[in-house]
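Enquirer: First residue of the sequence shown: 1, per full-length UniProt numbering; consecutive thereafter.
FYI, nobody ran anything at the bench for these hints, they're computed from the structure.
Watch out, some of these pointers could steer you wrong.
Stated by the list, open to error - With a cut-off of at most 30 Å between alpha-carbon atoms, the simulated DSS-like pairs for lysine-lysine come out as follows: (1) Lys132 x Lys55; (2) Lys141 x Lys172; (3) Lys132 x Lys110; (4) Lys76 x Lys55; (5) Lys141 x Lys78.
Source: prediction; values computed, not measured.
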Amino acid sequence: MTDTLTCANLSKSYGGVVAVRDVGFTIAPGEAYGLLGPNGAGKTTTISMLVGLLKPDTGTVVVGGADLSADPMAAKAKIGYVPQEIALYPDLTGRENLRFFCRLFGLPRKAVRARVEEVLDLVGLADRADAKLDTYSGGMKRRINIGAALLHRPELLILDEPTVGVDPQSRKSILDGLERLVADGMALLYTSHYMEEVERVCDRIAIVDHGSIVAEGTRHELVALVGGADRIELTLDGDVDTALAKLRGLGGVTEAVRTAAGSVRLIAEGGRYLLPSVISTVDGIAAVTAVEVVEPDLEATFLHLTGNTLRD
Numbered sequence: 001m002t003d004t005l006t007c008a009n010l011s012k013s014y015g016g017v018v019a020v021r022d023v024g025f026t027i028a029p030g031e032a033y034g035l036l037g038p039n040g041a042g043k044t045t046t047i048s049m050l051v052g053l054l055k056p057d058t059g060t061v062v063v064g065g066a067d068l069s070a071d072p073m074a075a076k077a078k079i080g081y082v083p084q085e086i087a088l089y090p091d092l093t094g095r096e097n098l099r100f101f102c103r104l105f106g107l108p109r110k111a112v113r114a115r116v117e118e119v120l121d122l123v124g125l126a127d128r129a130d131a132k133l134d135t136y137s138g139g140m141k142r143r144i145n146i147g148a149a150l151l152h153r154p155e156l157l158i159l160d161e162p163t164v165g166v167d168p169q170s171r172k173s174i175l176d177g178l179e180r181l182v183a184d185g186m187a188l189l190y191t192s193h194y195m196e197e198v199e200r201v202c203d204r205i206a207i208v209d210h211g212s213i214v215a216e217g218t219r220h221e222l223v224a225l226v227g228g229a230d231r232i233e234l235t236l237d238g239d240v241d242t243a244l245a246k247l248r249g250l251g252g253v254t255e256a257v258r259t260a261a262g263s264v265r266l267i268a269e270g271g272r273y274l275l276p277s278v279i280s281t282v283d284g285i286a287a288v289t290a291v292e293v294v295e296p297d298l299e300a301t302f303l304h305l306t307g308n309t310l311r312d
């Protein structure tokens with residue numbers, strides 16, 4: 001089976017600052033691929049190169065067999081792009097917006113009406129189709145924004161933070177719709193600040209940091225990178241540096257670092273059972289004012305690889 005998207009060796013610099021370094025991955029038909037990374041990691045720059053908004057310094061992008069550099073019109077015709085910002089006209093109705101974009105995509109005039117109705121049904125907005133966009137809720141605007149990207153039946157749908165600022169009901173509707181599209185064979189590239197969304201929607205996930213992919217795989221494969229280790233977060237009052245040095249020598253602790261917030265993060269096997277030893281190790285050096293034990297999950301893997309929470 002031929003991959004819908006193949007990108008390789010993508011790099012982009014602004015002056016002396018490297019935004020993306022040697023990024024490459026593939027997405028097959030009917031596969032959802034997620035990009036996770038802290039702010040400034042290079043996700044949006046990568047997407048901008050994939051859709052042709054930015055020219056890469058190096059690298060190739062092939063969509064549905066069409067090379068974006070050699071034949072940009074053919075490659076772009078196979079992409080549906082949903083940007084972070086709503087890219088629609090607020091003074092037009094939902095139906096008028098979709099009709100306008102049908103013409104931009106070059107759909108035959110006789111096919112426009114039927115396709116608009118199909119998409120309105122798909123995003124669940126047929127009952128509000130004739131209301132102006134500026135009367136829509138945030139979630140409705142997000143759904144019609146996705147609908148506009150689907151009008152020309154793309155092979156690849158790229159979504160950059162598609163649920164920012166929407167209510168839980170609209171978020172569920174969007175995610176349900178995306179899962180149906182993938183089940184029908186569409187390839188999906190998804191970025192989000194919501195870890196649970198990426199875990200739910202995506203078959204494979206790439207963790208991006210400082211412009212590079214630092215890990216890639218299924219959720220299970222990524223979580224396995226930290227093995228069976230737990231993450232222990234300690235807030236200490238006292239001589240933190242000395243306490244940290246002692247904790248690094250404690251049996252069962254594989255990693256001990258000081259976070260940007262000033263707390264101490266430990267990676268350890270059987271964290272809950274090790275906790276009494278952790279507390280006794282720092283006794284007399286620093287007081288433990290708060291403690292949290294987090295068992296392995298995608299969030300723990302992300303923290304382990306990037307040193308940041310997703311919203312940092």
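Enquirer: Are the hints correct? Go through all of them and say.
Expert: Outcome of the hint check:
1. Lys132 x Lys55: violated (36 Å)
2. Lys141 x Lys172: Cα-Cα ~14 Å, so holds.
3. Lys132 x Lys110: It holds: about 24 Å lies between the C-alpha atoms, which stays within 30 Å.
4. Lys76 x Lys55: holds (14 Å)
5. Lys141 x Lys78: holds (23 Å)
Hint 1 from the earlier list is the only one contradicted by this structure; the remaining hints agree with it.
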